[in-house]
Every structure is written in structure tokens, then in C-alpha cells.
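Colleague: Listed here are the chains, written in short residue letters.
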Amino acid sequence: MKYVATFLVLFASYILLAGFYVQELILGAIVSIILTIILAKLVNYTIDYRFPVKLLVFIFAYLPVFIWKLILSNIDVARRVLSPKIPLNPGFVKIKTDLKGDFAKLALANSITLTPGTLSVDIKDEYIYVHTVDVKGKTLEENTKNISGIFEKLLGGVFK
Amino acid sequence: MEIVSYVFMIIGGLFYLLGGLGVLRMPDTFDRIQAGTKATTLGAFTLLIGIGIANPDWLLKVFLIIVFIALANPIGSSALAKAAYRSCELPKNLVQDDLKELFGGEDNDSN
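Listed in order, the protein sequences are those of chains A and B. In terms of the working numbering, the first sequence has 105 at position 105, counting the first letter as 1, and numbering is strictly consecutive. In terms of the working numbering, the second sequence has 9 at position 9, counting the first letter as 1, and numbering is strictly consecutive.
You may find that some hints are simply not true.
To be verified - A short list of chain B residues far from chain A (calculated; beta carbon distances all over 10 Å): (1) E2; (2) V4; (3) L47; (4) I51; (5) A54; (6) N55.
To be verified - Calculated lysine to any residue pairs in the SDA-like style (CA-CA distance at most 20 Å, straight line): (7) A:K94 x B:D98; (8) A:K136 x B:I75; (9) B:K61 x A:K94; (10) A:K2 x A:I38; (11) A:K100 x A:G28; (12) B:K92 x A:I38; (13) A:K2 x A:P64; (14) A:K100 x B:I75.
The hints are simulated quantities; they were obtained by calculation from the structure and are not laboratory data. Glycine included, C-beta positions come from ideal geometry on N, C-alpha and C.
Isolated chain B, as found in the complex (with noise of 0.2 Å):
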């Protein structure tokens, strides 16, 4: 039991160096936003998992607090790309902006 535990730990930190990657290797923010939230949402799954199963006692705490986790990493991502839209130079690269007709596209610093 406790070398499950402690594979899904390892895989869960395997995760989070995933996410650290990305963020370094991605060239524009957004794929920033989008390698970070689902290799930290997941990473933290299993690292959790990996605690819970080696101490069975706080299985049900584990379960709560991954429930709040898969709540709130991508609201918080959507926070921070919609922020970021916003704000930022957007990257050169785009194939399409759907979301120009929503936020008025170029002059939109003043708001």
C-alpha cells in the first residue's frame, strides 16, 4: 500500500514539473494559463490521492479537497486569461478572436 501511495505521489510531481515546463517553454500566456492549470489541476489530484491512500484516515478529507481544487484552478485560469486579454500585447500568431467583438478589440486599455 505504501508504495502506491507513493508512486501516485512521484506521478503527481512528475505533474507539477510538466507544468513548470510548460510555463517556461510555451511562447504566449495563454498557453502559459493552459499548461499550467491542467498539469497542476491533475498533479494535485494524484499527489492527494497519494497522501490519502497512505494515510486511509484522511481519504474523505482528501476527496473534499480535490472536489475544491477541480472548483476552483480553472475559474481561477479563466480569471487570469480573461485579465490577461485584457491587458496584454495579444500574440502575433492568432488564427482567429472571437472574443474581439466582446471586449472592442485593440483600444480597450482605457476600461
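For reference, chain A alone in the conformation it holds in the complex (with noise of 0.2 Å):
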């Protein structure tokens, strides 16, 4: 089953970059093969028959939630960028998440380097160090709410 959707998913991303041919086919069908079984060996992770609903709620929960944080950061560079003083408080926080998983956490930690004003440096188990631009809270609790609240909530759906 592991297998099978590995395979299947590479086999199609191949296809989509490559175009639809007889040669290209054959070639993607054995690259992707041997990717699949270096894959398995190699990465831990699983997929399940549950993979396409995720994905569904990937795309239509989270995507436009996280495509407009991506424009929000943006404007928010381009105030401070273009501000003659550049307003400024620094500093590195930690969060922490409730995320089980190497995936989901990279999601996570990608989701927040994206948004306004902060940059996820690194992981450790359930804690994320995260730079940001402007400190606003105090303690632990008050950055996680204020920093990953909304995308911990939207991930969670979709990882479970």
C-alpha cells in the first residue's frame, strides 16, 4: 500500500513535469520505482488509504489561510522596508506545539516563517525557536497563541 502511493505520486509529479509521452512514461515509471523503494528504506513515514481526503483539507483549509499570510507578511515588509526609521524590537521565542510527527512540524515551522514578522530557526521536540521581528508577549503561552495559533488549529485537522 506504502508502496503503491509512493509510487503513484511520484509517477505523476514526473508525468506533470515532463509531458505526456510514450518514452517519457517508461523512463518516469523506472525512476520512479527505484526512487519508491530508496524512499521506503531510507525516510520514515507513512501513508494511508485517508491520503487524498488530507490532502483535500490541506487544500481548502489551510492553502488560502496561508496564502493570505503570505500576503499580510509581504505588506508587513514592505511598511517596514519602506519606513524611513525601520521600527524594530527583535527577539528569539520559543513555542511550543502540540504536532506529532517530522511533517507536520515541518509544516508548521514553514507556516510561520511565512507569516508577519517571524522566522522559525529551529526544532527541538515540541519546542519551535522562532525569531521575530517584533516581541510582543511574555511568556510561552502568549507567543504560541499569537505566533502558531491559528495554523496548530488548521494543521492538526489535516495530520491526525
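Reassemble the complex: the two chains are provided individually, in unrelated frames, and hints are given to aid placement.
Modeller: Quick look at the structure:
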């Protein structure tokens, strides 16, 4: 099951990039089989029958919020860069995540990086260390709520 | 349709310009990384979407490229920031520094 799903995902991306020709289909199949074997051996992950559902939830619940936040963060950057005296109040803060699994944490860290004024620097166990341009909260809970609250909720719905 | 695609490409270019300005104007490494990452990510997205609209055959490929950029760009900037924290002098105006507990503060150059 895991092998078949991985193969299909790899093969689909290959065909998308290469185009729909007979030679490409054959080469894509060979490359995908080799990559599937390597990936399944080296990387620890699971794909199950709920994967398409998760993907749909991801696209329709998470992506709109993500893109909106990305646009907001660019406006924020523009505002800071174009103001004569750059308003800064920087610091490294620690936030806590309840998400389990490497992919969930990766998605959360990436979302944090692309939201206004924050940049995730490192992950250690259940804590994510974030550089923020404007330190607002004092405590761990406050910072967690400000920085990752909405994404934590959305990604919790996807990676369960 | 052509005009829409050009508008998208111009907006993308403007975001890149913004990123460049940010890298020039921000006072320290981490703020520079932030400005650079955000502006170039959205800039690449809009530019690629513009290209996809101009050539509808490429639209799927363009979306695949966008997915890879969305994955790779933040990871790269996180790696840069981590390396910068470990090896550079930290900015003077930090309000709070929780990362210290992870890397042991100042005397970290040996590893």
C-alpha cells in the first residue's frame, strides 16, 4: 500500500514535469520505482487510504489561510522596508507545539516562516524556536497563541 | 489574458525588488533573512503564475514548481538563520533570547 501510493505520487509529479509521451512514461516509471524503493527504506513515513482526504483538507482549509498570511507578511515587510526609520523590536522566542510527526512540524515551521514578522530557526522536540521582528508576548503561552495558533489548529485537522 | 499575465509578472518583480531593498536596509542578519525569504517567496509565486497564465500548457508544471519553492524556501532560510545564530555576533537590540538555552549562549564557536 505504502509502496503503491508513493509510486503514484512520484510518477504523477514526473509526468506533470516531463509531459505525456511514451518514452517519458517508461523512463518515469523506472525512475519512480527506484526512488520508491530508496525512499521507503531511508525515510520514515506513512501513507494510508486517508491521504486523498487529507490532501483535500490541506488544499481547501489550510492553503487559503496560508496564502492570505503570506500576502499580509509581504505588506508587513513593505511597510517596514519603506518607512524611513525601520520599526524593530527583535528577539528569539520559544513556542510549543502539540503536533506529532516530522511532516506536521515541518509544515508548521514553514508556515511560521512565511507569516508576518516571524522566522523559525530550529525545532527541538516539541518546541519551535522563532526569530520575531516584533516581540509582543512575555510568556510561552502568549507567544504560542500569537505566532502559531491558527496554523496549529488547521494542521491539527490535516495531520491526525 | 496577456495583460493579466504581465500584471502578475510585474507584481512578482516588484516583490523581488522589495526583497532586495529589505536585504539592503534591514539592520541585522536575521531581519535580512526574513525580508528576503518572504518577498522572494511571494514574488516567485506571482511571477510563475503570470508565466502560467501566459502559457496555459505550463500551468500544471508551474504549480509543481510553486509547491517545491514553498517547501524549499523556508527550510533554506531556517538553515541560514540557525547557522548565523551559531557563528555570527548577535545583534545588540534583542529583547528576548530563548535560543540561548539550546546553543549555550556566547561560547559556542568551538562546535
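Colleague: Evaluate each hint against the coordinates.
Modeller: Outcome of the hint check:
Every CB of chain A lies more than 10 Å from the CB of B:E2, the least distance being 24 Å, so the non-interface label holds. A cut-off of 10 Å between C-beta atoms confirms that B:V4 is not in contact with chain A; the least separation is 18 Å. Under the 10 Å C-beta cut-off, the non-interface status given to B:L47 relative to chain A holds; the minimum distance is some 13 Å. Chain A leaves B:I51 outside its interface by the beta-carbon criterion, the shortest separation being 15 Å against a cut-off of 10 Å.
Every CB of chain A is more than 10 Å from the CB of B:A54 (nearest about 18 Å), matching its label as outside the interface. Against the 10 Å criterion, B:N55 stays outside the reach of chain A, whose nearest CB is about 13 Å from its own CB. A C-alpha spacing of about 6 Å is found between A:K94 and B:D98, which places the hinted pair at or below 20 Å, so the restraint holds. Our distance criterion of 20 Å between C-alpha atoms is broken by A:K136 and B:I75, whose separation comes to about 25 Å.
Restraint check: the Cα-Cα separation between B:K61 and A:K94 comes to about 37 Å, which exceeds 20 Å; the hinted pair is violated. Between the alpha carbons of A:K2 and A:I38 the distance comes to roughly 13 Å, so the proposed pair stays at or under 20 Å and holds. Between the alpha carbons of A:K100 and A:G28 the distance comes to roughly 33 Å, so the proposed pair goes past 20 Å and is violated. The suggested pairing of B:K92 with A:I38 is violated, with an alpha-carbon distance near 46 Å, which exceeds 20 Å.
Taking the CA atoms of A:K2 and A:P64, the gap is near 29 Å; set against the 20 Å cutoff, the hint is violated. In summary, the hint linking A:K100 to B:I75 is supported, as the alpha carbons are separated by about 19 Å, within the 20 Å threshold.
The structure does not agree with the numbered hints 8, 9, 11, 12 and 13 stated previously, though it agrees with the rest.
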